[in-house]
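S.K.: Full structure from sequences and hints, please.
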Amino acid sequence: MSETTIGTPSLADPAARRALMAGVTPEPGAAKQDPILKVDKIERRFGGITAVDVEHLEVQRGIITALIGPNGAGKTTFFNLITGFDKPSSAGSGAHWEFDGRALNKTSASSVAKAGMVRTFQLTKSLNRMTVLDNMMLGAQDQSGENLLKSVFKPLWSGQEKAVEEKAKELLARFKLLEKKDDYAGSLSGGQRKLLEMARALMSDPKMIMLDEPMAGVNPALTQSLLGHIQSLRDEGMTVLFVEHDMHVVRHISDWVVVMAEGRVVAEGPADTVMSNQAVIDAYLGAHHDTDLGDDQVLTDRALEQIEAEVRADEAAHKAAAHDGDHAKHDQQGDKS
Amino acid sequence: MDTILEILSAVIREAISPGTAAVAIAVIGLNLHFGYTGLLNFGQSGFMLLGAYGFAISLVHDIPLPLAVLIGLGLAFVFALVLGIPTLQLRGDYLAIVTISAAEIIRFVGRLSTLKDLTGGAQGIQGRTYQPAFVDLSFFGDGAWTLAPFNYTDVAGGAGWVRALGGLVFVVCVVATVIVGRRLKRAADPTRTAPRTGLDGTLGKVLAAVLVLVGLYALFFAMPVTYGRSGVNGWWVRAVAWTLVALSTLVVYLLVRSPWGRLLRGVREDEDAMRSLGRNVFAVKMQSLVIGGLFGALGGMVYVLASTVQPDALGRQITFFSYTALLLGGAATILGPVLGTVLFFSARILIRESARAWVPDSIMSTQQTEQFSFVVVGVALVLLVIFRPQGILGNKRELRFNV
Numbered sequence: 327m328s329e330t331t332i333g334t335p336s337l338a339d340p341a342a343r344r345a346l347m348a349g350v351t352p353e354p355g356a357a358k359q360d361p362i363l364k365v366d367k368i369e370r371r372f373g374g375i376t377a378v379d380v381e382h383l384e385v386q387r388g389i390i391t392a393l394i395g396p397n398g399a400g401k402t403t404f405f406n407l408i409t410g411f412d413k414p415s416s417a418g419s420g421a422h423w424e425f426d427g428r429a430l431n432k433t434s435a436s437s438v439a440k441a442g443m444v445r446t447f448q449l450t451k452s453l454n455r456m457t458v459l460d461n462m463m464l465g466a467q468d469q470s471g472e473n474l475l476k477s478v479f480k481p482l483w484s485g486q487e488k489a490v491e492e493k494a495k496e497l498l499a500r501f502k503l504l505e506k507k508d509d510y511a512g513s514l515s516g517g518q519r520k521l522l523e524m525a526r527a528l529m530s531d532p533k534m535i536m537l538d539e540p541m542a543g544v545n546p547a548l549t550q551s552l553l554g555h556i557q558s559l560r561d562e563g564m565t566v567l568f569v570e571h572d573m574h575v576v577r578h579i580s581d582w583v584v585v586m587a588e589g590r591v592v593a594e595g596p597a598d599t600v601m602s603n604q605a606v607i608d609a610y611l612g613a614h615h616d617t618d619l620g621d622d623q624v625l626t627d628r629a630l631e632q633i634e635a636e637v638r639a640d641e642a643a644h645k646a647a648a649h650d651g652d653h654a655k656h657d658q659q660g661d662k663s
Numbered sequence: 014m015d016t017i018l019e020i021l022s023a024v025i026r027e028a029i030s031p032g033t034a035a036v037a038i039a040v041i042g043l044n045l046h047f048g049y050t051g052l053l054n055f056g057q058s059g060f061m062l063l064g065a066y067g068f069a070i071s072l073v074h075d076i077p078l079p080l081a082v083l084i085g086l087g088l089a090f091v092f093a094l095v096l097g098i099p100t101l102q103l104r105g106d107y108l109a110i111v112t113i114s115a116a117e118i119i120r121f122v123g124r125l126s127t128l129k130d131l132t133g134g135a136q137g138i139q140g141r142t143y144q145p146a147f148v149d150l151s152f153f154g155d156g157a158w159t160l161a162p163f164n165y166t167d168v169a170g171g172a173g174w175v176r177a178l179g180g181l182v183f184v185v186c187v188v189a190t191v192i193v194g195r196r197l198k199r200a201a202d203p204t205r206t207a208p209r210t211g212l213d214g215t216l217g218k219v220l221a222a223v224l225v226l227v228g229l230y231a232l233f234f235a236m237p238v239t240y241g242r243s244g245v246n247g248w249w250v251r252a253v254a255w256t257l258v259a260l261s262t263l264v265v266y267l268l269v270r271s272p273w274g275r276l277l278r279g280v281r282e283d284e285d286a287m288r289s290l291g292r293n294v295f296a297v298k299m300q301s302l303v304i305g306g307l308f309g310a311l312g313g314m315v316y317v318l319a320s321t322v323q324p325d326a327l328g329r330q331i332t333f334f335s336y337t338a339l340l341l342g343g344a345a346t347i348l349g350p351v352l353g354t355v356l357f358f359s360a361r362i363l364i365r366e367s368a369r370a371w372v373p374d375s376i377m378s379t380q381q382t383e384q385f386s387f388v389v390v391g392v393a394l395v396l397l398v399i400f401r402p403q404g405i406l407g408n409k410r411e412l413r414f415n416v
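If you read the protein sequences in the order shown, they are chains A and B. Each residue of the first sequence is one higher than the one before, starting from 327 at the first, in the working numbering. Each residue of the second sequence is one higher than the one before, starting from 14 at the first, in the working numbering.
Do not rely on the hints blindly, as some may be mistaken.
Only pairs whose alpha carbons sit at most 25 Å apart, straight line, appear in this in silico BS3-like list of lysine-lysine [said to hold, decoys possible]: (1) A:Lys364 to A:Lys413; (2) A:Lys488 to A:Lys440; (3) A:Lys493 to A:Lys476; (4) B:Lys198 to A:Lys507; (5) A:Lys507 to B:Lys409; (6) A:Lys507 to A:Lys480; (7) B:Lys218 to A:Lys480; (8) A:Lys367 to A:Lys432; (9) A:Lys495 to A:Lys507.
Just so you have them, the derived chain A footprint on chain B, three or more residues with Cβ under 8 Å [as the list claims (entries may be wrong)]: (10) 270-277; (11) 290-298.
No lab work stands behind these hints, which were simulated from the structure alone. Given the structure is predicted, the values throughout are model-derived calculations rather than measurements. We treat Cβ as the ideally placed atom computed from N, Cα and C, and that holds for glycine.
M.R.: Given below as structure tokens:
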């Protein structure tokens with residue numbers, strides 16, 4: 327299952343992971359030692375709204391990276407873009423991303439999955455009118471029985487089919503779904519479907535697994551077990567990137583956190599420090615969240631002028647950023663305000 | 014009593030007619046589209062018509078039979094590609110719109126008077142111009158033949174009670190098959206851990222097969238059917254037609270039990286999920302559209318073997334009959350299409366003939382009984398979808414989850 331090159335076993339050790347990421351500057355778009363995914367200049371506009379505008383992002387191999395941000399930050403859209411389910415508006419004008427050294431600019435969603443980057447969905451996509459086992463077996467790649475000409479002749483694929491079934495059962499046992507294997511996936515609970523989707527993604531032995539809000543709609547007890555599963559994936563050498571908007575879920579398990587707000591990457595860093603980053607607090611709570619506007623003292627002319635000046639500076643920075651496309655500068659401006 | 018026997022005889026003749034077999038093959042293809050892949054193909058009649066035209070026109074122009082069949086299939090192949098390339102990338106509804114229009118286009122092009130030399134226009138192509146090539150292949154010999162060869166007339170001088178006994182055995186076999194089938198389904202249901210009925214899979218299946226065979230024999234014992242051995246509308250064309258039905262069923266069975274069949278069902282359930290698992294959804298849908306379309310073309314060829322190539326005979330109506338038959342038998346089942354088609358066409362004749370026999374002409378003329386039979390069939394379809402949406406052979410468990 328392991329595809330990682332650098333010290334797979336050692337990354338199961340928290341200290342090793344901390345050491346690995348210690349050299350990385352906690353700033354947006356920081357370069358990583360051994361990035362498995364590199365993203366450049368991805369922009370997605372829906373009419374006048376820029377949903378995603380990521381200048382540069384690298385994801386380190388072999389660790390858990392969390393992509394967090396408030397609602398509407400563009401996390402899922404970003405996910406769709408890099409997994410081929412959506413096309414960036416900046417396609418053809420500098421948009422470039424590569425996975426494991428392979429450019430994915432022009433690849434379809436299915437090729438992205440074949441390259442080893444498998445995703446799950448925020449709204450679980452279990453194949454309802456198929457059994458749990460069939461769901462799992464669809465996850466396995468390169469099945470010769472899926473070739474139309476070979477499919478009619480059972481001896482050509484029955485051997486591989488048995489192996490796939492064994493693997494599916496092992497994974498189901500690990501995710502505690504084995505006794506459900508003959509049930510229709512549609513009869514599972516929401517949390518079990520999340521587990522099934524994750525297990526199904528693992529059937530393809532991915533290098534990197536991308537989980538879109540794996541905890542959404544899952545009860546707290548199951549959340550713990552899901553988190554455990556995600557950590558064990560990492561310990562086996564897989565790279566995990568997951569989207570979550572609940573920061574507290576992220577805190578325990580992620581080795582690196584990327585924060586998005588309004589479509590941009592506003593901060594990066596280890597989980598414990600990034601939460602106190604001013605840009606992150608601004609993104610979640612608003613820039614003036616700690617200014618009590620009901621306090622009479624604030625309502626002096628001086629204070630109001632100061633706020634207005636800040637707003638003007640902010641707008642000017644926005645304009646400047648829009649002009650020369652230097653979003654990093656804007657983000658730093660955002661840091662200061 | 015004689016009226017009843019005449020009606021039943023007409024029903025049985027319809028049930029084994031080449032036309033029924035032809036539609037059954039087309040429904041088998043439609044089952045691959047709609048039942049397994051979830052493709053809403055409302056133009057199966059277009060595939061049938063293309064197959065029929067390609068086949069008949071080739072034969073009229075003295076092209077050898079095997080080549081004529083290939084030409085018919087080739088036309089359907091191209092038709093599937095032309096329909097599929099633009100629409101399979103889009104949502105399912107678009108395929109429905111495009112296929113129904115394309116089938117109508119084919120029909121109207123066939124009717125064009127400018128193409129009269131080729132397609133015969135609205136009159137169509139006369140059967141005698143192309144059927145000899147097929148009929149001459151018959152090795153069944155001449156004269157008439159009766160199914161079943163040993164029937165009630167050979168016992169006790171053809172007494173009425175022997176016939177009634179045969180009918181009774183048939184009814185008993187049908188009831189017994191239904192009971193065995195239900196038990197088998199219950200035994201195969203893993204969610205039902207409680208009373209296992211003691212009927213294990215293989216034994217039950219053998220029992221069901223024996224019951225079906227005995228029942229069929231009892232039916233033809235009591236209601237023997239006589240046709241010419243060869244000829245345009247004899248046993249030869251029926252034997253070929255039903256053999257093709259059996260072969261098509263076998264091919265679909267082999268396809269859908271394989272991992273490829275699993276792909277089809279996966280695409281039916283969720284295309285995005287399949288993409289996220291690295292599957293080329295477009296290719297899968299295209300393969301399904303082409304294969305189902307080829308079955309449609311084959312059905313079209315069989316359809317015209319015992320009749321004429323008439324564009325209006327293979328119009329929208331046949332498409333909707335096919336859907337009715339498919340839903341009746343049970344979508345996404347192996348034998349459902351065949352069972353559904355046979356029952357659908359038999360039931361229609363039963364209604365029509367009964368109305369003709371017992372409803373006075375002052376209330377319903379002969380022509381109106383034909384229309385009445387369609388009305389009843391339509392009402393039956395509505396009731397079916399409400400009370401047994403999974404069809405006769407379908408699995409109700411599947412319907413608990415709406416996708």
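S.K.: Please name the hints from earlier in the document that this structure breaks, with their numbers sorted from lowest to highest.
M.R.: Nothing - there is no hint that the structure violates, so all of them hold.
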